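If you're matching them up, the sequences are chains Y and R in order. The letter at position 67 of the first sequence is residue 67 when you use my numbering, and the numbering goes up by one with no holes. The letter at position 229 of the second sequence is residue 229 when you use my numbering, and the numbering goes up by one with no holes.
What the hints contain is simulated information worked out from the structure, not anything from laboratory work. Since we're looking at a predicted model, the values are computed, not measured. Each hint should be verified, as a subset may be incorrect.
[As the list claims (entries may be wrong)] Now the in silico label distances, taken between C-beta atoms and shown as ranges:
{"#": "1", "chain 1": "Y", "residue 1": "TYR157", "chain 2": "R", "residue 2": "GLY194", "range": "38 to 48 Å"}
{"#": "2", "chain 1": "Y", "residue 1": "ASP256", "chain 2": "R", "residue 2": "GLY31", "range": "56 to 66 Å"}
{"#": "3", "chain 1": "R", "residue 1": "ILE118", "chain 2": "Y", "residue 2": "VAL394", "range": "33 to 43 Å"}
{"#": "4", "chain 1": "Y", "residue 1": "ARG50", "chain 2": "R", "residue 2": "GLY194", "range": "54 to 64 Å"}
{"#": "5", "chain 1": "Y", "residue 1": "ASP145", "chain 2": "R", "residue 2": "ILE272", "range": "29 to 39 Å"}
[What the hints assert, rightly or not] Negatives, chain Y to chain R, calculated, CB over 10 Å:
{"#": "6", "residue": "ARG96"}
{"#": "7", "residue": "ASP145"}
{"#": "8", "residue": "SER252"}
{"#": "9", "residue": "ILE371"}
{"#": "10", "residue": "ASP386"}
{"#": "11", "residue": "SER423"}
[To be verified] Straight-line alpha carbon distances no greater than 20 Å define the calculated SDA-like cross-link-like pairs of lysine to any residue that follow:
{"#": "12", "chain 1": "Y", "residue 1": "LYS392", "chain 2": "R", "residue 2": "PRO147"}
{"#": "13", "chain 1": "R", "residue 1": "LYS267", "chain 2": "R", "residue 2": "ASP334"}
{"#": "14", "chain 1": "R", "residue 1": "LYS242", "chain 2": "Y", "residue 2": "SER398"}
{"#": "15", "chain 1": "Y", "residue 1": "LYS362", "chain 2": "R", "residue 2": "PRO147"}
{"#": "16", "chain 1": "R", "residue 1": "LYS267", "chain 2": "Y", "residue 2": "GLU260"}
{"#": "17", "chain 1": "Y", "residue 1": "LYS172", "chain 2": "Y", "residue 2": "GLU260"}
All C-beta atoms in this analysis are idealised placements derived from N, C-alpha and C, irrespective of residue type, glycine included.
Here is what each chain is made of, one letter per residue.
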Amino acid sequence: MSKKLVELLTHPTELQAAIQFFYFKQPLHIPVPGSENLQRCYYILNQTSRSFVAVIQELHPELRDVIMIFYLVLRALDTIEDDMTLDPSIKIPLLREFDSKLDLKDWTFDGSGPNEKDRIVLVEFDKVLTEYHLLKPQYQEVIKDITYKMGNGMADYILDDNFNLNGLATIKDYDLYCHYVAGLVGEGLTKLMVLAKFSDKSLVEDNFQKSNSMGLFLQKTNIIRDYHEDLEDGRSFWPKEVWGKYTDKLPSFHEDTSPESEIQGLNCISDLVLNALSHAKEVLEFLSLVKDPSTFSFCAIPQVMAVATLAEVYNNPAVFHSNVKIRRGTTCSLILQCRNFPGVVNIFRKYIQNINHKSSVKDPNYLKIGIKCGEIEQFCETLYPDLKSLPKGVTPASTDITKSLESRKSIDQSMQRRMDQESYNLNISLLIILSIATGILYKFVF
Amino acid sequence: MTTELKSVLLIGGAGFLGLHLIEQFSKLSPGTSIHVFDVRPLPEKLSTYFTFDPSSIKFHQGDLTSEKDVSDAIIESQCQVIVHSASPMHGLPQEIYEKVNIKGTQNLIKIAKQHSSIVKALVYTSSAGVIFNGQNIKNADESWPYPEVHMDGYNETKAIAETAVMEANSPELLTVCLRPAGIFGPGDRQLVPGLRASAKLGQSKYQLGDNNNLFDWTYVGNVADSHVLAAQKILDPNYADKIGGETFFITNDAPTYFWTLARTVWKADGYIDKYYIKLSRPLGIVLGYLSEAFSNLAGKEPGITPFRVKVVCAHRYHNISKAKSILGYTPNVDLETGIKYTLDWMNETN
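Sequences are here, hints too, so could you generate the full structure?
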């Protein structure tokens, strides 16, 4: 706790962001309590995900409960998959047929191990089912479809001895694994958002390429960051095709503390960061097509946290020995800033430059990282050209994406006014507090 | 349907880009007979980089400003397309630029029009520098105008020549201007050799500016590819009016931070600095003025000038969507490979 306080005090702009976040941020939608059963579901959500609950609660009423239920269903699936006490003869069929449980009214499961932190979801799954059946049929269908695909994907990985023994071999394997654990969630959410008319329908017409990138960008960032934590759990998701270039044994980055080993490890991180950055452009394209502000925030928050985390883990040897995280104050300021598309683009630009500045000439991927950062910056420039550099009489070329930015301009502007109002309120309040404090001090001294 | 390109005349074909034009035309357009027109002959000994057979190239020695020399070459070569890439190096007297870039180009247009039964199209190698005057160029496309004052005499004469080529476009003689940015590669006398020289002087440990500024470099073989594409497509009736009278930026489509490119060259050359001395842009400009003042007193060339500092700290990159979509251009050799080819060539020739 005191460490966090010191962090905040040494980063005054983040302290300000934290105050704004906790005391001045206006929710877009205020949830109505709903039935007792629904409230119980939100209680379960609160128990299983502290980070997601706030953003889900602020969602537009059209999707709030849908996404909450989708989340709990996937959490249930994940709890079964994670549970090492479950016998495969129970676990595998359960994962494969989990979608059919969604047809039932009162199915529950209390066979999870006692240490499964989220076992409550399965124990009280009937409550989830009740709400699931109240959803519009088209939403139910999406949730069921993704549950089916994901459950079977999980079962396949559990049965894959090669994966369990040796981890992921190729970058293709890595992409596919990330698709199952994150890309599919992106696909489901995208379908829901398009059905609700909150996002452009082109997002379901690209073979889910962009929504997959949304998932892969997040998952790959987590996989890089969680090297040490996963190692302690006796697993790893870094693909051998990448780490094999830098070491014979993946744990060596942690175990061998020689400078040579550390340099190899950092080069390996750089290679993985380069790979993750290949999704950044599509992430921005995706977000540009999400119109409803609450859905936009819901999608954007994890992505801006991911790009900040990538910059944090890049060239950072602490990844090999601890759990690297971005500061809480940074998180607050990111959440406040990413509420419209220009805000997201600014955040991406900032962290891309950060990565560029952190790069090391000795890294074999030095130029590739520079080119990748340049590519993303050029893309950002296409989105929002620097008007100061534009010669007189030149209008930037109109492309599909600039047209879609034009169509969302009023939404982004109204969010901007909201954001400006909040920080105005904050600054006025700080000014008043400061004046009172000065007044008291003045009285004291004289 | 593409009209087959039977014969091409490469003006300045013995130069830096010229040799790569020969190389890429022989590789990508094997049915085309290649004619070279230049003041100087083809080099006697070619770098091992080049694979074309010099005996298959028909050489026409002549002066670009001479009506007769140009006319003879056109008649002898029976060329359908002229590729004009003759251009003097940077840092020469203004008269040379005016002679080659302006008078030479005007002469070429005039004579080509007189032989409209033979010559159908002219591909001119312009330069991305025609829109640059030290200011930021961020993601520029072909709609950007020339600056009111050009960066130097070289770019001014290139812009005048480009305008002449554009204005000459007509159904009888289709013209197109390609504007490469930052050409480097085997045969390069400026970009990469300049960096190698500055590293030898111990300058690699300095950084001017914040290294947020993006630059375009273009591998010379890719520039040559764009010329082959333009020469082939301009004869295609489906493309003629999309290409004729147009300008195209040509880059490696990989804008990269200025110092990142420089350090990549230095690294490939064996220079890796442990730390960098970073000078901000304003400080650099002040040092530039001081250096200029002292050099004037001492009667020497200044090491840095305010203008050079501004150029090094400016953004200078382009949007090449037009070349990609209309010419079908893609940079086939990436920057890293291009730098390797260049250093290999430098090591071979020195």
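Hint by hint, here is what the structure shows:
1. Y:TYR157 - R:GLY194: 38 to 48 Å: Since the Cβ atoms of Y:TYR157 and R:GLY194 sit about 54 Å apart, the hinted range of 38 to 48 Å is violated.
2. Y:ASP256 - R:GLY31: 56 to 66 Å: 59 Å, holds
3. R:ILE118 - Y:VAL394: 33 to 43 Å: At roughly 39 Å between Cβ atoms, Y:VAL394 and R:ILE118 fall inside 33 to 43 Å, so the hint holds.
4. Y:ARG50 - R:GLY194: 54 to 64 Å: 57 Å, holds
5. Y:ASP145 - R:ILE272: 29 to 39 Å: Because 53 Å falls outside the window, the suggested range is violated.
6. ARG96: 45 Å, holds
7. ASP145: 37 Å, holds
8. SER252: 24 Å, holds
9. ILE371: Violated, since 5 Å does not exceed 10 Å.
10. ASP386: 5 Å, violated
11. SER423: Label holds. Min Cβ-Cβ 26 Å, cutoff 10 Å.
12. Y:LYS392 - R:PRO147: 10 Å, holds
13. R:LYS267 - R:ASP334: 17 Å, holds
14. R:LYS242 - Y:SER398: Distance of about 18 Å is within 20 Å: holds.
15. Y:LYS362 - R:PRO147: 39 Å, violated
16. R:LYS267 - Y:GLU260: Given pair R:LYS267, Y:GLU260 holds - Cα atoms ~19 Å apart, limit 20 Å.
17. Y:LYS172 - Y:GLU260: 29 Å, violated
Checked against the numbered hints above, the structure breaks hints 1, 5, 9, 10, 15 and 17 and satisfies the rest.
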